[in-house]
Amino acid sequence: MAEVFADYKWAALFDDRGIFLEGLVTTLEVAVFALILALVLGVIFGIAGVFPKTWVRIINRIYVEFFQNTPLVIQAIFLYHALPHLHIMIPVTAIGILGVGIYSGAYMSEVFRSGINAVPRGQLESGLSQGFGYWQAMWHIVLPQARRTILPALGNQAIAIVKNTSVLAMIAGGDLMYVSDSWSGMNMYYGPAYLTTGIIYWVICFTMTKYVKRLEQKGAVG
Amino acid sequence: MISDVFQSYNILFLLEGLKITLEIGVGSIICSVIFGTVLGVSCHLKIPVLGQISTIYIDIIRNLPCLLLVLVVRFLTPLPPVWSGIAAMSIFTAATMAEVVRGGLNAIPKGQYEAAHSQGMNHYQIMRYIVLPQAYRNIIPPMMSEFTTIIKDSSFVWAVGTEELTGKGMILIGKYSETGQLFAIFGTVALIYFILNYSLSLLARWEYRRLRV
Amino acid sequence: MKLFGKKMMAAAGIVLLAAFTAAAAGCGGSSDQKAASSAVSADSAVQKIKDNGVLRVGVKVDVPLFGYKNPQTGQIEGFEIDLAKAVAKKIFGDENKIQMVPVTAKTRGPLLDNGEVDMIAATFTINEQRKQQYSFTNPYYTDPVGLLVKKSDNIHSLKDLAGKTIAVPQGATTRKAVEDAAKKEGITVSFAEFPTYSECKAALMSGRAAAYAMDQSNLHGYVDAETEILPDSFAPQEYGIAMKKDNAGFRDYVNQVLTDMKNSGEMDQLLKKWTLNK
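Chains as they are written, first to last, in my numbering: chain W, 3 to 224; chain X, 10 to 222; chain B, 23 to 300.
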């Protein structure tokens, strides 16, 4: 099957490198915004998961359980193919950000929830008795202490986000995986296309992995 | 009419997909647990060569998207569709499983090894009687929550035309176009996944509590 | 620590490359052998299939009349299935010694490359770029590209699609054909590509795409009360049975089968059976 990686196919890939670059830009764009969205949702729903009021905790459970227990592929396809029937036409890049962001937000909120739970309850209570409001005490006293356990786990989620953006390939999302599929579908030069795509994803994620490891070690020491 | 969607032949059609999802899911769970444990243990014990290979394997696979592996395995190996799905999912998840195993083993205090060693136990015995029972507690619950991920990620095999649950759902989506019908199809498919995965995660939580007691 | 990190990264990168190349080389070895044997004669290529005891054919399961899995019977049937059976009959004297592997536009090329199937009979259009990679028989059917649109959208010709998005399946020649036709009309269109046909149809129905472009025979399976195929048709696509590039011996063998069928009138009968005689 050496012909799968034939030289002329590599040459064609090099000629069309612009297409792959565009895909990479879309992937990075979606990943960055999805990460921001997931972090925001993670903090909000993470705190909701430990909130004193029961109904708030129930909302947290519904959010987390629904998005953790159904495939991202189904969620993305739903946003893309079904919502327009209700006259809600979200652009595909935004679907990537929303879809991946909301999906990962569920995981992040679990990270925050368990991180907060790991901080002794007395900390929050003493903050409250000092005259802090609930949110102030959360933000200034509990979350900083939870940082050490939360950060590495968040890092792993960030890596998962980059990998998950590839779901866009299934809904014509223009990301790296999609352009690789599309380009190689036209000419059947999938060997070089997938190898290159793999290396690009790998370099991005591996760099992030190394960074997360550093955070972990710092956390363990500091 | 929404009821058109719930004709028995459509339900059977979806169930056929569920069967393939389950085949891929169960196959991948078994393979990735075995493969992941071998990798994780050899990393932890720093077995010469095998340990290094395992580390490199984990570093490579963990940083690739699942969809890419699904495509590459389907296109580069002559495995039939379901086996190709199992292979791709196992290759992918074994890396995560290995991390879980390695983490669980690393969490066991070093002193216990030394104590066992001074008692005259050999490597195998230490593993069998000291390490594994404890590691089991650290490892099994997070491993079980990976099962859910496998079931969910198996929906990527639809990208190579393997008609598992998501695929069967999509084929129905191509046939029906009324708003209500579409939502009924999406709802049904999502519900099946949810029931499957929620039961698995309940099981994982139950096991977690049982082991902590 | 830093040095270790760099080393690890380099090592991992090398292994990644090595893994891919090993996969390529490993399979390369076996295909080279095949090349050597098949270059000698058609007989040895056929002998190899005989040794396997079954002809493995990549077929469509979602194109009515060509290759379609009948939901009532669970059987795959169609014109291309009958062609494949005729080849199996010639090889084994038994048309049931056939193993049908469902393929999509996206997977059929790779499945031929990786040796999962002996040949592809799956509305596979012959073109120059593909001929560089695969061996094709003479065409057995010609089918133009058509456009499926929603009746309510008021689109009557390709021109009306100027500036709009057209859904096409990945791995098909459709995109190129429509692109060329659009250029001739002096309009620009954009494309959304999906892994399978049903997603193309879903994209049309949800308004993500204004049209679904595909070979007309494929489109017929997706027409319903709300949609219609435009009278516009362009770029006749010639379907051929495909084998590995180095398997020209087997190609010649299958070509002979097709020619015999044409001469004996069997081909016409099959076309009539599947209402494909125009």
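Because the hints were derived from the structure by calculation, they are not lab data.
Given the structure is predicted, the values throughout are model-derived calculations rather than measurements.
Just so you know, even glycine gets a beta-carbon here, dropped at the ideal spot from N, CA and C.
Careful: at least some of the hints might be erroneous.
With a straight-line Cα cutoff of 35 Å, these simulated DSBU-like cross-link-like pairs (lysine-lysine) come out [unchecked claim]:
| hint | chain 1 | residue 1 | chain 2 | residue 2 |
| --- | --- | --- | --- | --- |
| 1 | B | K111 | X | K28 |
| 2 | W | K220 | X | K119 |
| 3 | X | K28 | B | K91 |
| 4 | W | K212 | X | K184 |
| 5 | B | K107 | X | K184 |
| 6 | X | K55 | W | K220 |
| 7 | X | K184 | B | K186 |
| 8 | B | K205 | X | K184 |
| 9 | X | K184 | W | K215 |
| 10 | X | K55 | W | K215 |
| 11 | B | K198 | X | K184 |
| 12 | X | K184 | B | K119 |
| 13 | B | K205 | X | K28 |
| 14 | X | K119 | W | K212 |
| 15 | B | K107 | X | K28 |
Quick partial rundown of chain B residues pointing at chain X, CB under 8 Å, derived from the structure [as the list claims (entries may be wrong)]:
| hint | residue |
| --- | --- |
| 16 | Q97 |
| 17 | E99 |
| 18 | P124 |
| 19 | K128 |
| 20 | Y219 |
| 21 | E248 |
| 22 | P253 |
Partner residues are not named here, just some residues of chain B that face chain X (Cβ under 8 Å, in silico) [to be verified]:
| hint | residue |
| --- | --- |
| 23 | P93 |
| 24 | G115 |
| 25 | N136 |
| 26 | P217 |
Going down the list of hints, with the structure as the test:
For the suggested pair B:K111 and X:K28, the alpha carbons sit about 33 Å apart, so the restraint of at most 35 Å is met. Between W:K220 and X:K119 the alpha-carbon distance is near 21 Å, which keeps this suggested pair within the 35 Å criterion. A hinted pair counts as satisfied when its Cα atoms are at most 35 Å apart, and X:K28 with B:K91 qualifies at roughly 18 Å. The straight-line distance between the Cα atoms of W:K212 and X:K184 is roughly 47 Å, outside the 35 Å bound, and the hint therefore fails.
Distance check on the hinted pair: B:K107 and X:K184 sit about 29 Å apart at the alpha-carbon level, within 35 Å; holds. With a C-alpha separation of about 23 Å, the suggested pair X:K55 and W:K220 falls inside the 35 Å cut-off, and the hint holds. For the suggested pair X:K184 and B:K186, the alpha carbons sit about 23 Å apart, so the restraint of at most 35 Å is met. Simply put, B:K205 and X:K184 have alpha-carbon atoms about 32 Å apart, close enough for the 35 Å limit, and the pair holds.
For the given pair, X:K184 sits about 48 Å from W:K215 by alpha-carbon distance, which is inconsistent with the 35 Å threshold. Pair hint X:K55 plus W:K215 holds up; C-alpha atoms about 19 Å apart against a cutoff of 35 Å. This hinted pair checks out: B:K198 and X:K184 have alpha carbons roughly 26 Å apart, not beyond 35 Å. Straight-line distance between C-alpha atoms of X:K184 and B:K119 comes to about 33 Å, which keeps the hinted pair within the 35 Å bound.
In summary, the hint linking B:K205 to X:K28 is not supported, as the alpha carbons are separated by about 46 Å, beyond the 35 Å threshold. Between X:K119 and W:K212 the alpha-carbon distance is near 25 Å, which keeps this suggested pair within the 35 Å criterion. The suggested pairing of B:K107 with X:K28 holds, with an alpha-carbon distance near 29 Å, which does not exceed 35 Å. Interface hint at B:Q97: violated, since its Cβ lies 15 Å from the closest Cβ of chain X, which is beyond the 8 Å cut-off.
Because the closest C-beta pair between B:E99 and chain X is about 17 Å apart, greater than 8 Å, the hint is violated. Nearest Cβ of chain X to the Cβ of B:P124: about 7 Å, under the 8 Å cut. The hint holds. Among the interface hints, the one on B:K128 holds; its C-beta lies about 7 Å from the nearest C-beta in chain X, closer than the 8 Å criterion. About 7 Å separates the beta-carbon of B:Y219 from the nearest beta-carbon of chain X, less than 8 Å, and the hint is met.
For B:E248, the interface hint holds, the least distance from its beta-carbon to any beta-carbon of chain X being 6 Å, beneath 8 Å. Given the 8 Å rule on beta carbons, the hint for B:P253 is violated: about 23 Å separates it from the nearest Cβ of chain X. For B:P93, the interface hint holds, the least distance from its beta-carbon to any beta-carbon of chain X being 6 Å, beneath 8 Å. For B:G115, the interface hint is violated, since its Cβ never comes within 8 Å of a Cβ in chain X; the closest pair sits about 26 Å apart.
Look at B:N136: its Cβ gets to within about 5 Å of chain X, closer than 8 Å, so that hint holds up. A cut of 8 Å between beta carbons decides the hint on B:P217: the least distance to chain X is about 5 Å, and the hint holds.
Against the hints set out earlier in the document, violations occur for numbers 4, 9, 13, 16, 17, 22, 24.
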